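**Student:** Sequence:
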Amino acid sequence: MSQQLSRRRLLQLATASAAGFGLAACGDNGSGGAGADGDSGTITVWSWTTAAKGLRSVVPSFERDNPGIKVDVQDVGNPAIWDKITVGLASGGQGLADVLHIGVDYLPGYLDKFPDGIADLSELGADRHKDAFAKGLWPTVIGKDKAAHALPWEVNPLGLFYRRDHFEKAGVDPAAISDWDDMTAAGSKILDATGVQLLGIDRTGATQDMDFFQNLLQLQDAFYFDQDGKITLASPEAVKALTLIKRLNDAGLVADTAGQGTEKRLLSQGKLATYAEAAWAVEYLATTYPEQRGKWRAMQPPAAVPGGKRNAIVNSTYLAVAGSSTRRKAAWRFIEYALTKPAEINRMFASGGVFPALTAAYTDPKFSAPAPFYGGQKVLKPFVDSLGADARATNFTGDYARALKFASDAQTKVLLKGADPAGALEGAAEQLAQQTGRQRAA
Numbered sequence: 222m223s224q225q226l227s228r229r230r231l232l233q234l235a236t237a238s239a240a241g242f243g244l245a246a247c248g249d250n251g252s253g254g255a256g257a258d259g260d261s262g263t264i265t266v267w268s269w270t271t272a273a274k275g276l277r278s279v280v281p282s283f284e285r286d287n288p289g290i291k292v293d294v295q296d297v298g299n300p301a302i303w304d305k306i307t308v309g310l311a312s313g314g315q316g317l318a319d320v321l322h323i324g325v326d327y328l329p330g331y332l333d334k335f336p337d338g339i340a341d342l343s344e345l346g347a348d349r350h351k352d353a354f355a356k357g358l359w360p361t362v363i364g365k366d367k368a369a370h371a372l373p374w375e376v377n378p379l380g381l382f383y384r385r386d387h388f389e390k391a392g393v394d395p396a397a398i399s400d401w402d403d404m405t406a407a408g409s410k411i412l413d414a415t416g417v418q419l420l421g422i423d424r425t426g427a428t429q430d431m432d433f434f435q436n437l438l439q440l441q442d443a444f445y446f447d448q449d450g451k452i453t454l455a456s457p458e459a460v461k462a463l464t465l466i467k468r469l470n471d472a473g474l475v476a477d478t479a480g481q482g483t484e485k486r487l488l489s490q491g492k493l494a495t496y497a498e499a500a501w502a503v504e505y506l507a508t509t510y511p512e513q514r515g516k517w518r519a520m521q522p523p524a525a526v527p528g529g530k531r532n533a534i535v536n537s538t539y540l541a542v543a544g545s546s547t548r549r550k551a552a553w554r555f556i557e558y559a560l561t562k563p564a565e566i567n568r569m570f571a572s573g574g575v576f577p578a579l580t581a582a583y584t585d586p587k588f589s590a591p592a593p594f595y596g597g598q599k600v601l602k603p604f605v606d607s608l609g610a611d612a613r614a615t616n617f618t619g620d621y622a623r624a625l626k627f628a629s630d631a632q633t634k635v636l637l638k639g640a641d642p643a644g645a646l647e648g649a650a651e652q653l654a655q656q657t658g659r660q661r662a663a
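End of the sequence shown = 663 in the numbering used here, gap-free, step of one.
It is possible that part of the hints are untrue.
[What the hints assert, rightly or not] Below, in silico cross-link-like pairs of lysine to any residue (SDA-like), each with a Cα-Cα straight-line distance of 25 Å or less: (1) 274 / 605; (2) 367 / 346; (3) 291 / 281; (4) 634 / 622; (5) 351 / 366; (6) 274 / 589; (7) 492 / 598; (8) 550 / 260; (9) 602 / 507; (10) 602 / 389; (11) 562 / 333; (12) 365 / 311; (13) 492 / 507; (14) 638 / 412.
I should point out that these hints are in silico values taken from the structure, not numbers from a laboratory.
All values derive from a computational prediction rather than experimental measurement.
Please take these sequences and the hints and turn them into a complete structure.
**Tutor:** Structure representation (structure tokens):
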């Protein structure tokens with residue numbers, strides 16, 4: 222959807238003062254969490270940039286089909302929206318919009334810290350849609366109360382974008398690449414033939430951009446925590462992932478993307494042969510680098526280990542109803558209308574580039590249409606195909622921010638100081654356990 226989605230700032234739950242953010246009242250939610258189930262009036266929706274544009278495209282048809290409800294979609298901005306939601310929840314719901322656009326890395330923390338802050342949608346009928354979305358997503362909306370607190374909107378299956386011209390010049394056939402061992406060998410050929418490095422990583426950890434490391438974990442059905450919330454930061458899968466990154470770096474295949482805008486500049490200059498990103502980047506590359514039309518292609522990501530799977534859902538976003546909303550039924554009607562009707566969610570996809578989680582949406586011809594920017598490739602097909610395979614839900618937990626920091630520190634020690642991956646991750650996992658009180662998985 223936007224590059225900011227995968228470069229999120231640390232989650233800061235209930236640590237900021239509401240006064241420090243100067244929140245203005247939004248809607249008619251009152252002061253505190255005294256919500257109500259009103260089913261008419263004006264509801265407010267918080268989102269950002271292209272996603273907000275997509276939501277606005279649904280409003281005319283929704284208001285036509287739901288007389289008595291008006292919808293005000295507000296582009297709060299990203300990352301500003303996280304501060305506003307966090308402070309609103311911390312103040313008992315004061316100032317929150319009725320409908321909130323929330324990322325998968327924030328939702329678990331919000332549900333943990335503010336159990337009454339996000340409305341129970343199971344009571345409003347959400348459970349009837351549990352099988353309508355891409356595999357692996359429904360568990361991520363369930364709170365400790367076993368109720369659904371959001372509906373999936375956007376799903377981001379992982380892909381690998383690559384510069385066809387660089388691959389051709391080096392004599393590399395992308396169809397022959399099945400895992401990252403193959404890609405590492407290909408990267409060396411590309412570097413020798415073109416002088417272009419394979420991919421970019423923030424080696425300093427300044428931005429705590431751990432997307433590639435996380436991608437390699439998710440391709441192995443692993444993450445910082447297991448499904449029970451136990452710490453797996455030093456698991457064999459994590460060690461394999463960081464060892465692979467070290468090997469890529471030692472071979473000179475990693476460009477340092479530390480610094481604001483560095484990765485964007487390198488992509489603009491054609492100095493990265495691949496771009497490991499999720500489905501939202503299909504539109505991002507085409508609109509950001511129109512002069513590179515015809516040079517890019519996409520494929521399913523190489524497996525993290527030989528013989529491993531080649532699909533992963535790396536992130537997702539949701540629409541939820543604030544517990545403090547006085548129009549919860551009206552807010553739910555908008556969410557259900559926007560996210561469970563193929564025509565509406567595909568209208569949002571066309572308007573804002575938000576890859577839909579609703580599986581019924583994929584029968585639309587646009588998902589198998591040739592894309593001129595990608596040389597006529599049916600570029601969405603690899604992403605749709607990957608969603609047809611089993612995917613495990615990622616358990617971000619409420620301690621994702623801490624895990625992200627320790628993982629980033631470990632990666633920096635390995636890339637800049639030559640630390641052993643297993644040792645660096647062991648130290649990171651121990652620190653995470655000490656700070657969070659969570660048990661480490663066996």
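**Student:** CA of residue 602 to CA of residue 507, is that 25 Å or under?
**Tutor:** This hinted pair holds, its Cα atoms lying about 16 Å apart.
**Student:** Measure nothing beyond the straight line between the CA atoms of residue 562 and residue 333; if it is 25 Å or shorter, mark the hint as holding.
**Tutor:** violated (30 Å)
**Student:** Given the hinted pair residue 274 and residue 589, is their alpha-carbon gap at most 25 Å?
**Tutor:** The given pair, whose Cα atoms are some 24 Å apart, holds under the 25 Å limit.
**Student:** Given the hint that residue 492 pairs with residue 598, does the C-alpha gap stay at or below 25 Å?
**Tutor:** OK: residue 492 and residue 598 at ~22 Å, within 25 Å.
**Student:** For the pair supplied as a hint, residue 492 and residue 507, confirm whether the alpha-carbon distance does not exceed 25 Å.
**Tutor:** holds (17 Å)
**Student:** Assess, step by step, whether the Cα of residue 602 is no farther than 25 Å from the Cα of residue 389, and give holds or violated.
**Tutor:** It holds: about 22 Å lies between the C-alpha atoms, which stays within 25 Å.
**Student:** Holds or violated: are the alpha carbons of residue 274 and residue 605 at most 25 Å from each other?
**Tutor:** holds (23 Å)
**Student:** Between the alpha carbons of residue 634 and residue 622, is the straight-line distance 25 Å or under?
**Tutor:** holds (19 Å)
**Student:** Is the hinted pair residue 638 and residue 412 satisfied, with a Cα-Cα distance of at most 25 Å?
**Tutor:** Distance of about 24 Å is within 25 Å: holds.
**Student:** For residue 291 and residue 281, compute the direct alpha-carbon distance and say whether it is at most 25 Å.
**Tutor:** holds (9 Å)
**Student:** Given the hint that residue 550 pairs with residue 260, does the C-alpha gap stay at or below 25 Å?
**Tutor:** Measuring from Cα to Cα gives roughly 5 Å; hence the hint holds.
**Student:** Given the proposed pairing of residue 365 with residue 311, does the C-alpha separation stay at or below 25 Å?
**Tutor:** Within the cut-off at roughly 19 Å; holds.
Going down the numbered hints, you'll see the structure goes against just number 11.
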